[in-house]
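K.L.:
Read off the chains here:
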Amino acid sequence: MGETVDVATGITLAFGTSGFTAELLDITPPEASREAIQTSHQGTTVAHTFTPADLVDWGELRVDLHFNPATDPPIDEAVEELTLTWPDSDTWVFDGFMTNYAGGAVLNEKMTGSATVKVSGDVAVTAS
Amino acid sequence: MSAAMDAALVHYLKNAAGVAALVSARIYPGRAPSSANLGDGPYIIYMNVSRTRERHMGGGSGLALARYQIDAWAASYTEARVLADAVRAALDNVRDTDMGEAGSTVHVDSAVLDNENDVFGEPTDGGQRAPSRVSMDFLIWHR
Chain E
79 MGETVDVATG ITLAFGTSGF TAELLDITPP EASREAIQTS HQGTTVAHTF
129 TPADLVDWGE LRVDLHFNPA TDPPIDEAVE ELTLTWPDSD TWVFDGFMTN
179 YAGGAVLNEK MTGSATVKVS GDVAVTAS
Chain U
231 MSAAMDAALV HYLKNAAGVA ALVSARIYPG RAPSSANLGD GPYIIYMNVS
281 RTRERHMGGG SGLALARYQI DAWAASYTEA RVLADAVRAA LDNVRDTDMG
331 EAGSTVHVDS AVLDNENDVF GEPTDGGQRA PSRVSMDFLI WHR
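Here the protein sequences line up with chains E and U, keeping their order.
Following my numbering, the numbering of the first sequence begins with 79 at its first residue and continues without gaps.
Following my numbering, the numbering of the second sequence begins with 231 at its first residue and continues without gaps.
Certain hints may be false.
[Stated by the list, open to error] A few chain U residues that don't get close to chain E, going by computed Cβ distances all over 12 Å:
(1) 254
(2) 262
(3) 328
(4) 352
[Stated by the list, open to error] Computed list of lysine to any residue pairs in SDA-like fashion (alpha-carbon distance at most 20 Å, straight line):
(5) 188/E to 292/U
(6) 188/E to 327/U
(7) 188/E to 340/U
No wet-lab data here; the hints were simulated from the structure.
C-beta atoms are modelled at their ideal positions from N, C-alpha and C, and glycine is treated no differently.
Please put together the full structure from these sequences, using the hints given.
P.N.:
This is the structure in C-alpha cells:
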C-alpha cells in the first residue's frame, strides 16, 4: 500500500511579486467549494435534484507565523502569484492577495501573528 | 547550545557584583561537591529543568525557552534569603543581553523569575541555624 500521509514540516509559501516572507508556523491551505444549484421542479419525485455550479471558490489561505514588527506586509498590493510547496515538493500555484495581517505580543512569550490571502481563480495542483 | 547557556549563566552570575560578593565562584551544577561546606559561606546550585526549542516550517528558529532552577544555599535562612535576593536582582528582568565569556556568548532575549519558594533545613547544633535554601525558577529565552 502506498503512503499518502505525511507530516507538516518544510512547507514553503512564496509570494511571486511582493516577495513577502515570514517564518511560518501553522498553515490552513485554500479550501475549495462550489454551490449546489437545486434543479427540482414540480415533476421531480422522491428526492431533490441538484447540479454543480460552474465556478469554484477556493476561499482563503491562512498562515500563523513568527511576528516580525519590521516586516511590511503586502496588504495594499495587487493580485500576485503564490506558490505553496508541500513537504514532498508537490505544489499549489494560485493567484491571490493579502486581506488580513495581524501580530500579537503576549507578555514573555514569543511574538506570533497571522496572515490571510484570498484566492482569485483556480489553484493549479501539481504532483512532484 | 544548552552547555553554552549553562556556561553563560554561570559566567554572568559570577560576574554579578552582588552575587560574587556572597559566593565568589561557588556556583555548582546539579549538586554541591563533597568539598563544599556551608560553613565557608553560601553557594548556588543550578539545574536546567526543561528547554523547548522553537521551530517553524523551515526548521529550527534558534530561539529556545529554558527553565533554570537556581537554589541559593546557606547555613541559615537569613543568609539564603540575602543570596536569593542578590540573584534575583542580577537576573530577573534581564533583556537583550549577551551572556558569557567573550567569543562564546549566548544572546538572552529575556530572563524572568517565574517562581520562588523557601526550604528550611533542620538545626543540627541545637540552635536556630540550619541549612536552608531559597529555590527559584527562572524562564530564560535565549538563542
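K.L.:
Compare the structure with each hint and give your call.
P.N.:
Now the hints, each set against the structure:
1. 254: Consistent with the label, residue 254/U stays out of reach of chain E, its closest Cβ about 31 Å off (over 12 Å).
2. 262: Label holds. Min Cβ-Cβ 31 Å, cutoff 12 Å.
3. 328: holds, 19 Å
4. 352: holds, 37 Å
5. 188/E to 292/U: holds, 12 Å
6. 188/E to 327/U: Satisfied, since the Cα-Cα distance of roughly 16 Å is no more than 20 Å.
7. 188/E to 340/U: Within the cut-off at roughly 10 Å; holds.
Every hint from the earlier list agrees with this structure, and none is contradicted.
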